Amino acid sequence: MAAKPSPGEAETALPEGHVKAPKRDTGKGGAPPALSVTGWARWTWRTLTSMRTALVLLFLLAIGAIPGSLLPQRTVSVEQVQNYFVENPDLAPWLDRFALFDVYSSPWYSAIYLLLFVSLTGCVLPRAAVHIRAMRARPPKTPRHLNRMPYAARFTTAASPEDALAAARTALKRYRTDEVAETGGGSIAAEKGYLRETGNVLFHFALLALLISLGIGSFFGYRGNMVVIEGEGFANTPTSFDAFHPGTAIGPEDLQPFSFSVEDFQAEFIQDGRLNGQALSFSADLSYQESPEAPQGTHKLEVNHPLSVDGAQVYLLGRGYAPAFKVTDSEGNVVYDQAVPFIYRDEATFTSDGVVKVPDSVPEQLGFTAVFLPSAAESENGMLVSDFPDDRNPVITLQGYKGDLGIDSGEAQSVYQLDTDDMKKVGKSPEMKPGDVWELPDGSGKIEFTGVKDHLSMQVNSNPGRIPALLSAAAAVLGLIATLFVRPRRAWVRARTGEDGRTVVEVAGLAKADTSGAATEFHELSLRVRADLRASERSDAADEPSGPESPDSQQGTQKG
1 MAAKPSPGEA ETALPEGHVK APKRDTGKGG APPALSVTGW ARWTWRTLTS
51 MRTALVLLFL LAIGAIPGSL LPQRTVSVEQ VQNYFVENPD LAPWLDRFAL
101 FDVYSSPWYS AIYLLLFVSL TGCVLPRAAV HIRAMRARPP KTPRHLNRMP
151 YAARFTTAAS PEDALAAART ALKRYRTDEV AETGGGSIAA EKGYLRETGN
201 VLFHFALLAL LISLGIGSFF GYRGNMVVIE GEGFANTPTS FDAFHPGTAI
251 GPEDLQPFSF SVEDFQAEFI QDGRLNGQAL SFSADLSYQE SPEAPQGTHK
301 LEVNHPLSVD GAQVYLLGRG YAPAFKVTDS EGNVVYDQAV PFIYRDEATF
351 TSDGVVKVPD SVPEQLGFTA VFLPSAAESE NGMLVSDFPD DRNPVITLQG
401 YKGDLGIDSG EAQSVYQLDT DDMKKVGKSP EMKPGDVWEL PDGSGKIEFT
451 GVKDHLSMQV NSNPGRIPAL LSAAAAVLGL IATLFVRPRR AWVRARTGED
501 GRTVVEVAGL AKADTSGAAT EFHELSLRVR ADLRASERSD AADEPSGPES
551 PDSQQGTQKG
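In UniProt numbering, the protein residues as written are 1 to 560.
Worth flagging that the hints you see were computed from the coordinates, not collected in a lab.
Only a predicted model underlies this, so the values are computations on that prediction, with no experimental measurement involved.
One should not assume that every hint holds.
With a Cα cut of at most 27 Å, we get these calculated DSS-like pairs of lysine-lysine [what the hints assert, rightly or not]:
| id | residue 1 | residue 2 |
| --- | --- | --- |
| 1 | Lys-173 | Lys-192 |
| 2 | Lys-357 | Lys-300 |
| 3 | Lys-300 | Lys-453 |
| 4 | Lys-433 | Lys-446 |
Could you build all of it, start to finish, from the sequences and the hints given here?
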């Protein structure tokens, strides 16, 4: 006979086959223990890959893109960024410190982008695996008590349980069904609306593919901005760009070897009315070659109608004026003879500012700041202004300087600014029209305003991820449509012989997500099953007339 356990042993005695759980470690004062490095890593991963975090990051990505829409971007138009610095000299440097003129290539935007990529990957892959298992699984078994479902209906019929289930199969032909035999009859479990979750998974995969496509464009694409003066040409090499943004994997040898020339440029403006001076259209006639050995082709370049060459697109972003000058130094040598692109300060009138730098003049270098008025007219207060953006009456005024331009110092200089620290003023020119010459004081030389040309602000964009990004966006829209409009439903039909010998048919339904219209849908389902059975009963009665038919009974309930 076994000895009785002591009181202390009796308190800890466990039933046979059971073991005592190990004592949980707690911190000081019963506080939870501190997480280990592995625990923190797991917590961080679960938090990062949660749907809530993905939504927050997606929201931050959208918020971060707002400055890119409101502020000019260097990757789109360097000239507009320079204009912003001129118009906002105090604010612009602060915005530039936060890379708000290079939003989409900034470190903080890239960090949000990468975190969203990781979050979506960790979120959508497990969800897709769960959905695949659900797609392959059988519909949920028929519950024992169908009358407890949100929608339930019950009626009796003289048809056999087999006929009732056959009628149910016909009514549930748009459902995926699973039929099970039961005592005295059988039941059918049905489910539809799998495309809702398929659309949800597709939407998230499409977002993931969109991020990958953007990454492909960032690594294997490039963008370059340049200003091309009417009558001049461009060759697609890194040194030809005013601003070049190559992808991480792009080298000079990867650029398409095309070239083009701007043969002519046309600008049309509204001539009268409230919108007087507004642009109607800009277009340029180009001649181009896909390679040095290729035949020459022509293209009419317009806004949103780029030139496509070997996977690269040439876009027309804007235009401006390029006054042309000829400068003769004090020794009678022509040291400068070309057009210079100016930046417009007012889009309504195209009043423009520019700089002319003449480093080859002797004995001293010459520089000029200029204001160009394409349609000069006298204002009410006697000032000379431009009253129209087209070059109806071009007039220019110059401020001359001589000395050291600072070009030989090795420091980068803007073509739109003149460093006058080591220069002295020569004087101010009179109002000059094409053909006018200004003789500089002290015999320093002369400058002639020879005419006006147009300059085009253009961009070359090569992005191999452009088409995948478009397809991903289309797939995301399709997935979102499926998520919003597909309604998942579960339905069950049970038919078995009742105590009176008639067949009892029960129909029940459950709306998994969107419940609007669910009661009507399930009620129509039960009516279709009952109508098929009644038609079958009438057919049997016509073939084999018998005694009076007992009336069917039906009851349906909807539980809110």
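Here is how each hint holds up against the structure:
no.: 1; hint: Lys-173 with Lys-192; in the structure: 10 Å, holds
no.: 2; hint: Lys-357 with Lys-300; in the structure: 33 Å, violated
no.: 3; hint: Lys-300 with Lys-453; in the structure: 18 Å, holds
no.: 4; hint: Lys-433 with Lys-446; in the structure: 15 Å, holds
In this structure, only the earlier hint numbered 2 is contradicted, and the remaining ones agree with it.
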